[in-house]
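Taken in order, these protein sequences are the chains called A and B. Quick note: the first sequence uses the working numbering, first residue 11, plus one each step. Quick note: the second sequence uses the working numbering, first residue 277, plus one each step.
Rather than coming from a laboratory, the hints here were simulated on the basis of the structure. Think of the CB as a built atom: it goes at the ideal place given N, C-alpha and C, for glycine as much as any other residue. Treat the hints with care, since some could be wrong.
[Claimed, not checked] These stretches of chain B come out as covered by chain A in the derived footprint (C-beta under 8 Å, 3 or more residues): (1) 365-371; (2) 403-410; (3) 418-429.
[Claimed, not checked] In silico lysine to aspartate or glutamate, DMTMM-like type, Cα no more than 25 Å apart, as pairs: (4) B:Lys403 with A:Asp418; (5) B:Lys353 with A:Asp285; (6) B:Lys424 with A:Asp123; (7) B:Lys424 with A:Asp112; (8) A:Lys60 with A:Asp95; (9) A:Lys197 with B:Glu383; (10) A:Lys176 with B:Glu383; (11) A:Lys176 with B:Glu432; (12) A:Lys70 with A:Glu328; (13) B:Lys446 with A:Glu198; (14) B:Lys411 with A:Asp263; (15) B:Lys446 with A:Glu174; (16) A:Lys411 with A:Asp112; (17) B:Lys374 with A:Glu41; (18) B:Lys374 with A:Asp263; (19) B:Lys349 with A:Glu328; (20) B:Lys446 with A:Asp263; (21) A:Lys411 with B:Glu383; (22) A:Lys138 with A:Glu174; (23) B:Lys349 with A:Asp263; (24) B:Lys424 with A:Glu174; (25) B:Lys424 with A:Asp418; (26) A:Lys411 with A:Asp371; (27) A:Lys197 with B:Asp442; (28) A:Lys118 with A:Glu174; (29) A:Lys60 with A:Asp151; (30) B:Lys374 with A:Glu218; (31) B:Lys424 with A:Glu198; (32) B:Lys403 with A:Asp263; (33) A:Lys60 with A:Asp123; (34) A:Lys411 with A:Glu41; (35) A:Lys176 with B:Asp333; (36) B:Lys349 with A:Asp95; (37) B:Lys411 with A:Asp285.
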Amino acid sequence: MVLRNIIFVFLVLVAYPVQAALDIEITGAGEHQIPISIVAFAGEEKLTQKISAVIASDLKRSGLFRLVDHAGKAPHEMRDVSFGDWAEVDALTIGSATVLADGRVEVKFRLLDTHKQSQLLGQSVVSKGDQARAIAHRIADMIYEKFTGDAGVFSTRIAYINREGKVNRLVVADSDGYGEQSILTLKEPIMSPAWSPDGSHLAYVTFEQGRAVTYVQSLFTRQRFALAAFPGSNSAPAWAPDGKQLAIVLTRDGTSAIYLVRPDGTGLRRISYSDAIDTEPSFSPDGRFLLFASDRGGTVQIYRMPAEGGYAERMTFEGNNNFSPRYSPDGNNFVFMHSTGGQFYIATQDFQTRQMQVLTDVGWEKKPSFAPNGKIVLFATESLGRGILATVSSDGRVKQKMIPQQGDIREPMWGPFLK
Amino acid sequence: MKKLTISVLLVSLLAACASNKPAEVAAPAAASEAPAATPVAEAAKEVAPAATDALDDASSILAKRSAFFDFDKSAVKAEDKPAVQAHGQYLATHANRKVVVEGNADERGSSEYNLALGNRRAESVKKMLIVSGAKASQISTASFGEEKPRATGHNEAAWSQNRRADIVYK
Chain A
11 MVLRNIIFVF LVLVAYPVQA ALDIEITGAG EHQIPISIVA FAGEEKLTQK ISAVIASDLK
71 RSGLFRLVDH AGKAPHEMRD VSFGDWAEVD ALTIGSATVL ADGRVEVKFR LLDTHKQSQL
131 LGQSVVSKGD QARAIAHRIA DMIYEKFTGD AGVFSTRIAY INREGKVNRL VVADSDGYGE
191 QSILTLKEPI MSPAWSPDGS HLAYVTFEQG RAVTYVQSLF TRQRFALAAF PGSNSAPAWA
251 PDGKQLAIVL TRDGTSAIYL VRPDGTGLRR ISYSDAIDTE PSFSPDGRFL LFASDRGGTV
311 QIYRMPAEGG YAERMTFEGN NNFSPRYSPD GNNFVFMHST GGQFYIATQD FQTRQMQVLT
371 DVGWEKKPSF APNGKIVLFA TESLGRGILA TVSSDGRVKQ KMIPQQGDIR EPMWGPFLK
Chain B
277 MKKLTISVLL VSLLAACASN KPAEVAAPAA ASEAPAATPV AEAAKEVAPA ATDALDDASS
337 ILAKRSAFFD FDKSAVKAED KPAVQAHGQY LATHANRKVV VEGNADERGS SEYNLALGNR
397 RAESVKKMLI VSGAKASQIS TASFGEEKPR ATGHNEAAWS QNRRADIVYK
């Protein structure tokens, strides 16, 4: 069998420290926005990135903060703060960045409550010299958590596929679109990236063998191997939360059925037996259940069954078809793709109340996944004929478009908290 | 005359089975038998291996290699059945030939569901090929889901082209 396409596999680490691969537009606002000022850090002009600007950008993107610029006032120490000057904000951040003799960077910051005139947070972080953005994201996470009680996701990453002409790239980037790295480059399609629970590996599907084959690749060593290359299609990988097995979909026995397999490819066992299409498995956070999409009842609907297989309970009853279920991190609801009237929307459904909430309104939205704090949903959509990514907050209020500099992007997946 | 016809048929069948390419199929004995104006001789000429393999004949029904499907369906449509059946019969009489049936879907729905739907379409064509005489060992299937569309565009004109299974000879 002659291969018609030449396949280029580049396992390359390419970092763009000062340019975002994705342009971000924000619309909407949270119900209550906290007014806050992020004052320029002393010495930050010596770093590769202005830490205060990155923190401000992160908080603004969340939709929960209203950034107030306070031109002319630049305190760096507590003693320089005159609280009367800051009455229009609830809080301000001050800090300093010092480059140490060995090239590392020490960043100190304080988060101050302007009304109580007291300190809410004070931290010192030491990191490698080129890690200015990472430090800023960590500080933004701390500020976000202080005010909302939820963990921030500014330090997390996303994976997606960039397609430009015939070239497909599996990409990992920061959740703000910076730091894009190409994990794999092929002239064949790539789909269904799936993060391992600790963020160290990506499972994904490619067509380089002439059919769908699932690979697992280490993000540290960049080594990869074929997890499942049975006859037929091998796709839809989903990691169990303990990282000890994956669910995958194989057509080796005729129809698309769900199997479990260990991360080294051994221990294959089938768990769905409907003779219909069973696909898109998603583990519950406790690992005990799987959500999946199946057309066993005629239309495509979402079902839940025990993770070892067994009775499958139908979960969705509205619209025409429902696809792509993913559990929320707290296990209380799930997000999915809801098809009605020929359009595709992102919706969530609560397990307790069985109530569905539609989060999007344009009608071409696919492949939803939760941020690891459960507060934001990432999905694929289109804008002006191009494939882009977008996010919506779990209450539907804050929306964001992530537009690539070049190519079309698809198949996004939000990564886990970094440990 | 009958003896001649039978021997011509036998030789051409043997030659067809033994080779992949038309160039190798030449059976001088049959070619040199100049066709007379009788229907029997003309029938003999059609089967003569010196003529092209029916698979390469652009006007043959075998030139049609694709079946198209309705939205979310995988049953072979009435208008595509004759061609699929003809390929099944061709495979039956050419036991050395193999095909891959490649299934595709339009972009509506999730990419994973579309991969499964493409697979179901490929399997549906495979079944019909077997019913028409092909052996299962001659047919493999693959699905590309929505990943390799023949037509781009968010409209039925593009979608209908992508809801498709292709019979690809190896």
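Against the structure, the hints come out as follows:
Counting residues of the region 365-371 of chain B whose C-beta lies closer than 8 Å to any C-beta of chain A gives 0; at least three are required, and the coverage claim is violated. Residue count for the region 403-410 of chain B with a Cβ under 8 Å from a Cβ of chain A: 0. That is fewer than the three needed, and the coverage hint is violated. With a threshold of 8 Å between beta carbons, the proposed coverage of the region 418-429 of chain B by chain A holds, since 6 of its residues qualify and at least three are required. The hinted pair formed by Lys403 of chain B and Asp418 of chain A fails the criterion: a straight-line CA distance of about 37 Å is larger than 25 Å.
Of the pairs offered as hints, the one joining Lys353 of chain B and Asp285 of chain A holds, with about 22 Å between alpha carbons and a cut-off of 25 Å not exceeded. Taken as a hint, the Lys424 of chain B and Asp123 of chain A pair is broken in the structure, with Cα atoms around 56 Å apart against an allowance of 25 Å. For the given pair, Lys424 of chain B sits about 52 Å from Asp112 of chain A by alpha-carbon distance, which is inconsistent with the 25 Å threshold. With a CA separation close to 24 Å, the supplied pair Lys60 of chain A and Asp95 of chain A stays within the 25 Å bound.
Taking the CA atoms of Lys197 of chain A and Glu383 of chain B, the gap is near 20 Å; set against the 25 Å cutoff, the hint holds. Of the pairs offered as hints, the one joining Lys176 of chain A and Glu383 of chain B holds, with about 17 Å between alpha carbons and a cut-off of 25 Å not exceeded. Taking the CA atoms of Lys176 of chain A and Glu432 of chain B, the gap is near 24 Å; set against the 25 Å cutoff, the hint holds. Proposed proximity of Lys70 of chain A and Glu328 of chain A is contradicted: the alpha carbons are some 35 Å apart, above 25 Å.
Restraint check: the Cα-Cα separation between Lys446 of chain B and Glu198 of chain A comes to about 20 Å, which is no more than 25 Å; the hinted pair holds. Proximity of Lys411 of chain B to Asp263 of chain A is assessed by CA-CA distance (about 18 Å); at most 25 Å being required, the pair is judged to hold. Proposed proximity of Lys446 of chain B and Glu174 of chain A is contradicted: the alpha carbons are some 29 Å apart, above 25 Å. Taking the CA atoms of Lys411 of chain A and Asp112 of chain A, the gap is near 40 Å; set against the 25 Å cutoff, the hint is violated.
Simply put, Lys374 of chain B and Glu41 of chain A have alpha-carbon atoms about 63 Å apart, too far for the 25 Å limit, and the pair is violated. For the proposed pair Lys374 of chain B and Asp263 of chain A, the alpha carbon gap of about 21 Å is at most 25 Å, so the pair holds. Distance check on the hinted pair: Lys349 of chain B and Glu328 of chain A sit about 21 Å apart at the alpha-carbon level, within 25 Å; holds. With a C-alpha separation of about 23 Å, the suggested pair Lys446 of chain B and Asp263 of chain A falls inside the 25 Å cut-off, and the hint holds.
The hinted pair formed by Lys411 of chain A and Glu383 of chain B meets the criterion: a straight-line CA distance of about 21 Å does not exceed 25 Å. The suggested pairing of Lys138 of chain A with Glu174 of chain A is violated, with an alpha-carbon distance near 34 Å, which exceeds 25 Å. For the given pair, Lys349 of chain B sits about 20 Å from Asp263 of chain A by alpha-carbon distance, which is consistent with the 25 Å threshold. The straight-line distance between the Cα atoms of Lys424 of chain B and Glu174 of chain A is roughly 13 Å, inside the 25 Å bound, and the hint therefore holds.
Note on Lys424 of chain B and Asp418 of chain A: the hinted pairing holds, with a Cα-Cα distance of about 15 Å set against a maximum of 25 Å. At roughly 14 Å between alpha-carbon atoms, Lys411 of chain A and Asp371 of chain A fall within 25 Å of each other, so this suggested pair holds. For the proposed pair Lys197 of chain A and Asp442 of chain B, the alpha carbon gap of about 21 Å is at most 25 Å, so the pair holds. The straight-line distance between the Cα atoms of Lys118 of chain A and Glu174 of chain A is roughly 42 Å, outside the 25 Å bound, and the hint therefore fails.
Using a Cα cut-off of 25 Å, the hinted pair Lys60 of chain A and Asp151 of chain A holds, with the two alpha carbons roughly 17 Å apart. Annotation: proposed proximity of Lys374 of chain B to Glu218 of chain A holds, straight-line Cα distance about 21 Å (limit 25 Å). With a C-alpha separation of about 9 Å, the suggested pair Lys424 of chain B and Glu198 of chain A falls inside the 25 Å cut-off, and the hint holds. Between Lys403 of chain B and Asp263 of chain A the alpha-carbon distance is near 14 Å, which keeps this suggested pair within the 25 Å criterion.
A hinted pair counts as satisfied when its Cα atoms are at most 25 Å apart, and Lys60 of chain A with Asp123 of chain A qualifies at roughly 23 Å. For the hint linking Lys411 of chain A to Glu41 of chain A, the alpha-carbon distance of about 20 Å falls within 25 Å, and the restraint holds. For the suggested pair Lys176 of chain A and Asp333 of chain B, the alpha carbons sit about 32 Å apart, so the restraint of at most 25 Å is broken. Restraint check for Lys349 of chain B and Asp95 of chain A: the C-alpha separation of about 68 Å exceeds 25 Å, so the hint is violated.
Restraint check for Lys411 of chain B and Asp285 of chain A: the C-alpha separation of about 23 Å stays at or below 25 Å, so the hint holds.
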